[in-house]
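Start from the sequences and build out the full structure, keeping to the hints where you can.
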Amino acid sequence: MKLLKSPFKWYKGIIIEPQIRDFFLGRIWIRTSTPFPQEKIETYLRFFKITPGISEKRGFFNRIIFRCNRCHNENQQEFVHYNCARCNQTCVYCRHCINMGRVTSCTDLITWNGPKPKFSRKHVLDWDGTFTEAQSKATKELTKIITRKNNHLVHAVCGAGKTEILFPAVLAALKKGLRVCIATPRTDVVLELFPRFQKVFANTIIHALYGNAPVQSGLAQLVIATTHQLYRFENAFDVVIVDEADAFPYTFDLALQRAVIKVKKQNSPIALVTATPSHQIHAQVKHEKWGYSFIPKRYHGHPLPVPEFQSLWSYEKQIQSGKIPRKLLNWTETRLNNNEPFLIFFPTIKLMEIAAPLFQQINENILSVHAEDADRKEKVLKLRNEEIPGLLTTTILERGITIKNVQVAVVGAESKIFTSSALIQISGRVGRNVDFPNGEIIFYHHGITTEMDEARNEIIRLNTEGFGDKKI
Amino acid sequence: MKRNEVTNCLICNAPLNHQITWKSFLTNAFPKTICTECEQKFVPYENTSKEVISLYQYNDAMKDFLHRYKFMHDVMLAKVFRAQIHEQLSKTHATIVPIPLHPTKLKERSFAQVDELLKAAHIPYEHFLEKTMTDTQVGKTRQERLATPQFFKLIKNCKNKEIILVDDIYTTGVTINHAKNLLLHSGAKSVRAFTLIRG
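Protein chains in written order, with our numbering: chain C, 1 to 472; chain S, 473 to 671.
Calculated from the structure, these hints are not laboratory results.
Ideal placement from N, C-alpha and C gives every residue a C-beta, glycine not left out.
Take these hints with a grain of salt, some might be off.
As the list claims (entries may be wrong) - With beta-carbon atoms standing in for the labels, derived distance ranges:
#, chain 1, residue 1, chain 2, residue 2, range
1, S, A555, C, Q38, 35 to 45 Å
2, C, W313, S, W494, 32 to 42 Å
3, S, N649, C, S278, 13 to 23 Å
What the hints assert, rightly or not - To be clear about the criterion: a stretch of chain S counts as covered by chain C if any three or more of its residues have a C-beta under 8 Å from a C-beta of chain C, and this derived list gives those stretches:
#, stretch
4, 594–605
5, 640–653
In structure tokens form, the structure reads like this:
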């Protein structure tokens, strides 16, 4: 849009409504289902770039390969042909991102191509905590990536204060007028990070995006989103930080990993933050020469609790016949007598639901949670507020929760679902508080697996890295 | 029929482990499209009359299914109940008549949900009706629904035909009754109805 030079000429352009510009900046959206009236979109159409929903290219033997332009999915199994009554021909749609509204080959996707607003550079960090030596080293390294445009991995043990490490780096980026995105595979993590960032960055507009999130107004310079929500952005961010980068489904879903690359601007850096980087991530770091920060110590300077293995032979049979195995029963009763909150992890929802009434016979306030539980948040809050003595859970609570003085037992630690990273995360729930740096973490098993060994060895290795050769 | 057309559950995306059996080789049965756990969430409907036959009750799982199929436009989900629909409708000699959508509604939705269900189940059908009202029954109270005037018109001669009307859901029965009355008045020999869901 040309600026008016002489005030005497009639100016015939449109003054762009800031809401529309702010909303669409960096976003990719279906033309017909925006949150604005359709006429408005049509009048502003010249400020948008229009791309077809599904693009096709040719592969081997001239085979058509479809690609969804919103989620960049290329798994051909997820493309469906159907007879479209709108175009009277066969159209294709993508099932991968259908929950966000269907993208077909006959839908238009719009991206903002009009004038771009400038971001504010006035930001304050209202946080007066202090960093340990390892933490401040990591923050310096992380801040550097903004200017160097180099990808980075922050490997910090559970309870090392990962969120706090992000603060100075995010502040430095915001002060340069850059747009920052913090993405994570889990909604729970978004819900936990959002208030914490809002508190310390009082002058910054921050949006939290997750499934069914309320509409937030203004131009957000800092976006905290689930990785799924990244499908809705394109070429938007100058810095992308992926928290808990090893959590399900991010590592399994190629489209989600592509989404992270899609939302960043070209040459913008990605930072991964995790407690348990997979072999795949380690290989990528080595191969692509990423920066690497490692924090083996917790913020309170105490070693990580090392899990203890206890046999619990045929626990499944015993629970199914209506009896809690003796060792587990003793453990639970000790926790109840000592008034310590506890978490018991189960491998399947089914087993947990059989066990729940048995535990409720000992203490009727013991509750159970799983992924599809609507009261998940309230139940965890109850445990934190010491309203209930303990919770039975599936792997859903393996990361992102902090409860003072919690004691943890894993039933059936040999199950496939408990991978070494899951077990490390579960062990990381224990002893996060300065006042209670120790706690019990017991793996009850029906035979020891390599994953269990791997988890324990990794924790011992981290402790020796953090504390030298000192015996723990 | 392609055997490996669907490899993951269409509803929860869990991998389906197709077991190759002699039966699947030699018969022309439809391969599974949803996993056993999702299948168990749908509750069959106990039919009391022979006039209107329904397959499933309207529960939370069915609500999610219908939402994703009709409103998120996931056409692929038409395949979920194809085996059951095929079993119900393939043996009859009567003419299958799906309840139509209004043409503008069809343009908006880009597919006719009942037609797609029948196509997926390999049931031949014929259109006798056309809808003349654009607004839907969704969001109306029971009284409002029952008070709606006739909203179908005939587009083909149906004299002396045995007809089975097919719709996706039966709630108050207004849609089915209007269609039935119109067809009977126009000389159809008998009219029965089949719906996937009973609300």
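- Task: Could you tell me whether the CB distance from S/A555 to C/Q38 stays inside 35 to 45 Å?
- Result: At roughly 41 Å between Cβ atoms, C/Q38 and S/A555 fall inside 35 to 45 Å, so the hint holds.
- Within the stretch 594–605 of chain S, is the number of residues with a Cβ closer than 8 Å to a Cβ of chain C three or more? Three-residue rule not met by the stretch 594–605 of chain S, so violated; n is 0.
- Coverage criterion applied to the stretch 640–653 of chain S (partner chain C; beta-carbon cut 8 Å; 3 residues): Since three or more residues must qualify, the claim that chain C covers the stretch 640–653 of chain S is violated, with 0 doing so at under 8 Å.
- Task: Indicate whether the distance between the beta carbons of C/W313 and S/W494 respects the range 32 to 42 Å.
- Result: Given a distance of about 40 Å, which is inside 32 to 42 Å, the answer is holds.
- Task: With respect to the beta-carbon atoms only, verify the hint that S/N649 and C/S278 lie 13 to 23 Å apart.
- Result: Roughly 60 Å apart at Cβ, these two residues miss the hinted range, so it is violated.
Comparing the model with each numbered hint stated earlier shows that hints 3, 4 and 5 do not hold.
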